[in-house]
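J.: So you can see what is in the structure, the chains are spelled out below.
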Amino acid sequence: MKEMLKIILSLVVIFIAAGVIMGVTYKYTSPVRFYAEKKEKEEALKEMAPEATDPIKAAGTWTVHGKAYEYYVAKSSGRPVAYIASTAGKGYSSHIKMLVSLDRAMKIKDVKILHQQETPGLGDQIEERELFLDQFRGKGLLQLVLIKGETRENIQAISGATISSRAVTNGVRDGVQTLVDKYGNGLRAATREVTK
Amino acid sequence: MTKVDYGTIFKNGIFGENPVFRLALSLCPAVAVTSGVKNGFLMGVAVLFVMTMVNATVSLLRKFINPKVRIPSYMFIIATWVTVTDQVMAAYQRAVYKDMGLYIMLIVAFAIVLSRAEMFASRNKFLPSVVDGASMGLGFLLALVLLGIFREFLGKGSLWGHPILGTKPLLIMILPTGGFFAMGLMMGFLNWIDRKFFGGSGSGGGAH
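Chains A and B supply the protein sequences, listed in that same order.
Under this note's numbering, the first residue of the first sequence carries the number 1, and numbering increases by one thereafter.
Under this note's numbering, the first residue of the second sequence carries the number 1, and numbering increases by one thereafter.
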């Protein structure tokens with residue numbers, strides 16, 4: 001009985017001391033972490049629409065693969081200049097999270113990969129600008145189709161990384177579709193038919 | 001009481017009982033993070049810090065920790081220092097944390113950390129334990145950097161993210177499969193050196 005109490009006492013003391021250490025660290029690091037994360041997000045959004053002068057704010061949320069993602073309207077002195085959606089696609093070994101921005105004509109301005117854990121050396125080439133990402137620029141919703149082989153009109157898959165390429169293409173298309181539905185008045189009816 | 005030989009402890013951690021190449025402990029993280037030199041190095045630094053702190057704490061508390069509950073106590077001490085490392089990294093090393101965040105928490109389960117607490121720190125005084133933790137951590141760091149150099153150079157043709165060759169000679173090296181190849185080759189090579197030049201008997205040890 002006495003030994004049991006001793007054991008309990010020694011464990012409790014260790015656990016409390018450890019809790020205090022972790023608590024103190026959390027107290028000092030969490031604000032730094034919070035601001036760093038906020039700043040990173042703002043910077044990423046800013047990169048997607050560099051001409052926007054007003055702070056970019058979330059306009060609402062939409063759902064893809066069972067998770068909610070935000071979309072944004074980038075404004076310059078009160079007038080919208082770009083639309084941005086955060087979106088995701090199911091890759092080979094991870095959820096690929098990305099941002100896509102559209103200009104007012106609903107053409108893609110830029111695509112940025114925020115997070116991916118695809119196969120090193122193969123799937124992670126989706127982050128390479130010249131090889132893959134830059135071909136999204138200037139494309140419209142209907143052109144977002146993945147092709148295995150040479151193409152200028154559509155999106156060309158990276159050889160050896162078709163699944164990752166498709167995940168990005170589909171994710172971007174879902175995001176663009178959402179933005180077109182919300183903001184691309186005239187385009188809506190025409191695009192609905194073809195993509196279904 | 002014999003005089004503590006810090007030199008031996010230090011050499012032990014880096015060569016004689018190198019965690020990866022000699023004790024063959026913590027091989028899975030060693031394979032998982034060494035697809036690049038940078039990741040290997042940063043993981044090594046995190047482990048170095050955790051091991052030093054854990055050994056110091058365990059050694060200080062060795063009289064207080066009841067032997068019957070020593071494993072839960074050690075695990076909790078390890079978890080504490082890993083959490084501290086994780087939070088500090090998340091706050092001040094954002095770029096690194098993006099790549100490494102997932103693996104940092106796994107340090108809790110590294111066999112090498114627990115084994116040094118149990119084998120060394122719980123039986124020795126404060127200073128020798130700190131030296132042991134630091135040199136074991138350093139040995140781990142060196143092993144990861146060596147593997148990282150080998151794999152990144154062959155797999156991506158670059159070092160620390162800077163392209164050197166311009167081609168990717170052996171892509172398989174940065175895939176997990178290549179990690180095992182690299183590990184085996186490196187271990188064999190070091191054993192060969194040891195036998196040939198230092199008359200050692202090579203390493204044994206089972207993988208964890």
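Keep in mind the hints are simulated off the structure, nothing from the lab.
Please read all numbers here as calculations on a predicted model, not as lab measurements.
Careful, some of the hints might be misleading.
Derived SDA-like pairs: lysine to any residue, alpha-carbon spacing no greater than 25 Å straight-line [what the hints assert, rightly or not]: (1) Lys-98/B x Glu-43/A; (2) Lys-90/A x Lys-68/B; (3) Lys-168/B x Glu-47/A; (4) Lys-63/B x Lys-112/A; (5) Lys-6/A x Ile-172/B; (6) Lys-107/A x Glu-47/A; (7) Lys-2/A x Ile-21/A; (8) Lys-98/B x Glu-153/A.
J.: Each hint should be assessed against the structure and marked as holding or not.
T.: Now the hints, each set against the structure:
| no. | hint | verdict |
| --- | --- | --- |
| 1 | Lys-98/B x Glu-43/A | 16 Å, holds |
| 2 | Lys-90/A x Lys-68/B | 47 Å, violated |
| 3 | Lys-168/B x Glu-47/A | 31 Å, violated |
| 4 | Lys-63/B x Lys-112/A | 55 Å, violated |
| 5 | Lys-6/A x Ile-172/B | 54 Å, violated |
| 6 | Lys-107/A x Glu-47/A | 17 Å, holds |
| 7 | Lys-2/A x Ile-21/A | 29 Å, violated |
| 8 | Lys-98/B x Glu-153/A | 34 Å, violated |
The structure fails to meet hints 2, 3, 4, 5, 7, 8 from the earlier list, while all remaining hints are met.
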